[in-house]
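K.L.:
With chain A fixed as given, assemble chain B onto it according to the hints.
Chains as they are written, first to last, in the working numbering: chain A, 1 to 269; chain B, 270 to 541.
Since the hints were made in silico from the structure, they are not lab data. Fair warning: this is a prediction, and the values are worked out from it, not measured in the lab. Think of the CB as a built atom: it goes at the ideal place given N, C-alpha and C, for glycine as much as any other residue. Be aware that one or more of the hints could be misleading.
[As the list claims (entries may be wrong)] Examples of chain A residues toward chain B, derived with CB under 10 Å:
#1 Thr43
#2 Leu50
#3 Thr66
#4 Gly70
#5 Arg103
#6 Asp161
[What the hints assert, rightly or not] What follows is a list of derived Cβ distance ranges for each label pair:
#7 B:Gly354 to A:Ala25: 32 to 38 Å
#8 B:Arg485 to A:Gln7: 46 to 52 Å
#9 B:Ile331 to A:Gly139: 37 to 43 Å
#10 B:Arg485 to A:Thr235: 51 to 57 Å
#11 A:Lys131 to B:Ala532: 25 to 31 Å
#12 A:Arg68 to B:Gly354: 17 to 23 Å
#13 A:Ser166 to B:Gly309: 19 to 25 Å
#14 B:Ala532 to A:Asp168: 31 to 37 Å
#15 B:Ser334 to A:Pro84: 37 to 43 Å
#16 A:Ser166 to B:Ala532: 24 to 30 Å
#17 B:Leu375 to A:Ala57: 28 to 34 Å
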Amino acid sequence: MTALSFQDVSLSYGGRAVLERVSFAVEEGSFVGVLGPNGAGKTTLLRAVLGLIAPSAGAIKVLGETPRRGNAAIGYMPQARRLPPTLGLTGYDLVVGAAGGHRWGWPFASAAEKAMATEALERVGANDLAKRPFSELSGGERQRILIAEALLGNPKLLLLDEPLISLDAAHQRSVVELVRKIGSELGIAVLFCSHEINPLLHAVDEVLYLGGGKAAIGGVDEVINGDVLSKLYGTPITVLRANGRIFVLADDVSIEGAEHGHDHDHEHL
Amino acid sequence: MVMTTITSIFDYDFMRNAFIATTIVGIVAGAVGYFLVLRGETFAGHALAHVGFPGATGAVLIGLSPIAGLTIFTIIAGIGIGILGNKAHRDVAIGIVLTLSLGLGLLFLHFYTAYAAQATNVLFGNVLGISVDTIWALAGLAVVSLVGLLLIARPLLFASLQPEFAEARGVRLTLVSTLFLVIVALSTVEAMQIVGVLLVFALMVAPAAIALRLTRRIGTGIAVSIILAVAIAWLSLVLAYLTDWPTSFWITALGGIGYFLSAARFDRRRTA
Chain A
1 MTALSFQDVS LSYGGRAVLE RVSFAVEEGS FVGVLGPNGA GKTTLLRAVL
51 GLIAPSAGAI KVLGETPRRG NAAIGYMPQA RRLPPTLGLT GYDLVVGAAG
101 GHRWGWPFAS AAEKAMATEA LERVGANDLA KRPFSELSGG ERQRILIAEA
151 LLGNPKLLLL DEPLISLDAA HQRSVVELVR KIGSELGIAV LFCSHEINPL
201 LHAVDEVLYL GGGKAAIGGV DEVINGDVLS KLYGTPITVL RANGRIFVLA
251 DDVSIEGAEH GHDHDHEHL
Chain B
270 MVMTTITSIF DYDFMRNAFI ATTIVGIVAG AVGYFLVLRG ETFAGHALAH
320 VGFPGATGAV LIGLSPIAGL TIFTIIAGIG IGILGNKAHR DVAIGIVLTL
370 SLGLGLLFLH FYTAYAAQAT NVLFGNVLGI SVDTIWALAG LAVVSLVGLL
420 LIARPLLFAS LQPEFAEARG VRLTLVSTLF LVIVALSTVE AMQIVGVLLV
470 FALMVAPAAI ALRLTRRIGT GIAVSIILAV AIAWLSLVLA YLTDWPTSFW
520 ITALGGIGYF LSAARFDRRR TA
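For reference, chain A alone in the conformation it holds in the complex:
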C-alpha cells in the first residue's frame, strides 16, 4: 500500500516556486532519504504533507487521504531549536506536554498522555535520559527525545527534518540506526531529510532527491548518478565514489555536504 503520493504537485513558499509538477510515491514500510541542497524544498515538502501549506497544483495523498492539519497518523520532527537555558524542563516534560499540547486548558497531563509519553520514550530507549533537563542534554540525546515526540500516538508515517544537523559522525550513525530500527519494527514509512547522503547510504531503501524545482526517486544508484542529477539541476553534475562515500560535484564544487554544519533556519522561515 502507498503511504504517500504526490501527483503533479507544485509547491511555492513566500511567492517563490519551490517544486514544480513533482510526482512520486512512497510505499508503506519504506525508509526514504529526502536529499537536496538548502532551499531545495525539503521542509516545504514536509509542511505540505502535514497539511500546513496547500499545493498550488496537483494532489497529495497521505495514507489515502488529503493532507490535513493535526493528522495524528503522521509523526513529525522539526529541525531542533534551543530552549531558554534557565528552564529546567526535562525531556519527559516536553514529550508529555506535546502529547496533549493541542488541547485547551491548564497543562496537567492525563494518565493516557503519560502512558503515551512513556511508550514513545521506551521505543527510543530514552526513559532514563528523559529524566534530565533537556537543555543539559547533548545534541544526540536531544534528537532521541525529539524522535520520541514524533512517535507519540503510534504514527503510520514518520517525517524527520534534518535529524543529523550538528551531530558528529558517531551520533549521526546511531540516529540513523535508531530510526531505521523503529521504522521496520512499526512497519511504517519514514521520510528522513538530510543535506548529505553519506550518513544514510547503507540505511535507506530509496532516496528522494530534490533540486531545481524537480524531484527524482529511486534506489541510491538509480538516482545519485551524473545523468539523473544533471537532468534535475539542468547543469552538468559529476558523481564521484571513493572509500564507500559519494561526492556530488557541479563545476568542481561539491553540492553534497558543502554546507554541512551551517544554520538552516532560513530554509523554513
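P.N.:
Just chain B, lined up with the frame of chain A:
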C-alpha cells in the same frame, strides 16, 4: 517607631485602596508576564501599553472613562499584533504603531487641554489616586485575564516551546498567539493603573524575568513571578509613604535592582 509609621499607612483610605489594587495587578502582571518573557514578546507588551495612551486620552475627549478607552484600544492592538504573527518586520511595525500612538495621545491632549494635568498620571501612573470603582474594574479585568490564561495555558506553552511541532500537531499558532496578546492587553490595562503607560515593563516584565532566572520549573516560576510582583508593589508603597517619592519610581527601582541581582547570580551559576 518605624512599625507604627508603617501600620499608620492603613489609616488612609487611599492607601488601603492602593494596597488592594497593587495586589490584584501584581497577581495578573506576574502570571501573564511570565509567559510574555518566556515567549520573548516583551516588546509587544511594551507597545500595547503605549497604545493605551491615545486610548485613555481619546476616551476622555469623547466622554468615556479612560479605563474603557484603554481596554478597547489595547485589545484591538493586541489582535493586530497577533495577526501579524512572527513576520520578519513585526518589530518595525510594532515600533511605528508605538510612536504613532504616543503622537495621537499628544494630539488628543492638545484638543482637551483641561485634561493635560492628568497626562502625568496616564504616563507614569497614580496608584494613590485609585478609587473603589477602579478597584472593582481591576478585579473584573483580573478575573477575565486569569481565566483566559488558565484556558489557553497548555497550547500556549506547547506553541511557545516547540512552535513548528505544535503547529504540526494541530495547534493554531495565530489563534493561540492572538488570544494570548488579548490577555496581555488586559493585563497592561491593569498595570497602567499602577505604573502608567511608560512604566508597564516594571510590573509586567521585571518580576517575570527575575523568576525565569531563579527557578527551573514552570509552576514555581509563575508563583515566584506573582510573589515578586506583589512584593515589589507593596514595598514600593511603603517606601513611597516613608520617603514621599513617587510609588512608580520605587517600583521601577526595585524591579531593576532585583533583575540585575538575579542576572549576576545567574551568571555565577552558569560559570560555576
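K.L.:
State for each hint whether it applies.
P.N.:
We went through each hint and held it up to the structure:
{"no.": "1", "hint": "Thr43", "verdict": "9 Å, holds"}
{"no.": "2", "hint": "Leu50", "verdict": "5 Å, holds"}
{"no.": "3", "hint": "Thr66", "verdict": "15 Å, violated"}
{"no.": "4", "hint": "Gly70", "verdict": "2 Å, holds"}
{"no.": "5", "hint": "Arg103", "verdict": "6 Å, holds"}
{"no.": "6", "hint": "Asp161", "verdict": "8 Å, holds"}
{"no.": "7", "hint": "B:Gly354 to A:Ala25: 32 to 38 Å", "verdict": "34 Å, holds"}
{"no.": "8", "hint": "B:Arg485 to A:Gln7: 46 to 52 Å", "verdict": "50 Å, holds"}
{"no.": "9", "hint": "B:Ile331 to A:Gly139: 37 to 43 Å", "verdict": "58 Å, violated"}
{"no.": "10", "hint": "B:Arg485 to A:Thr235: 51 to 57 Å", "verdict": "52 Å, holds"}
{"no.": "11", "hint": "A:Lys131 to B:Ala532: 25 to 31 Å", "verdict": "29 Å, holds"}
{"no.": "12", "hint": "A:Arg68 to B:Gly354: 17 to 23 Å", "verdict": "21 Å, holds"}
{"no.": "13", "hint": "A:Ser166 to B:Gly309: 19 to 25 Å", "verdict": "22 Å, holds"}
{"no.": "14", "hint": "B:Ala532 to A:Asp168: 31 to 37 Å", "verdict": "33 Å, holds"}
{"no.": "15", "hint": "B:Ser334 to A:Pro84: 37 to 43 Å", "verdict": "39 Å, holds"}
{"no.": "16", "hint": "A:Ser166 to B:Ala532: 24 to 30 Å", "verdict": "28 Å, holds"}
{"no.": "17", "hint": "B:Leu375 to A:Ala57: 28 to 34 Å", "verdict": "52 Å, violated"}
Hint check: violations occur at hints 3, 9, 17; the rest are consistent with the structure.
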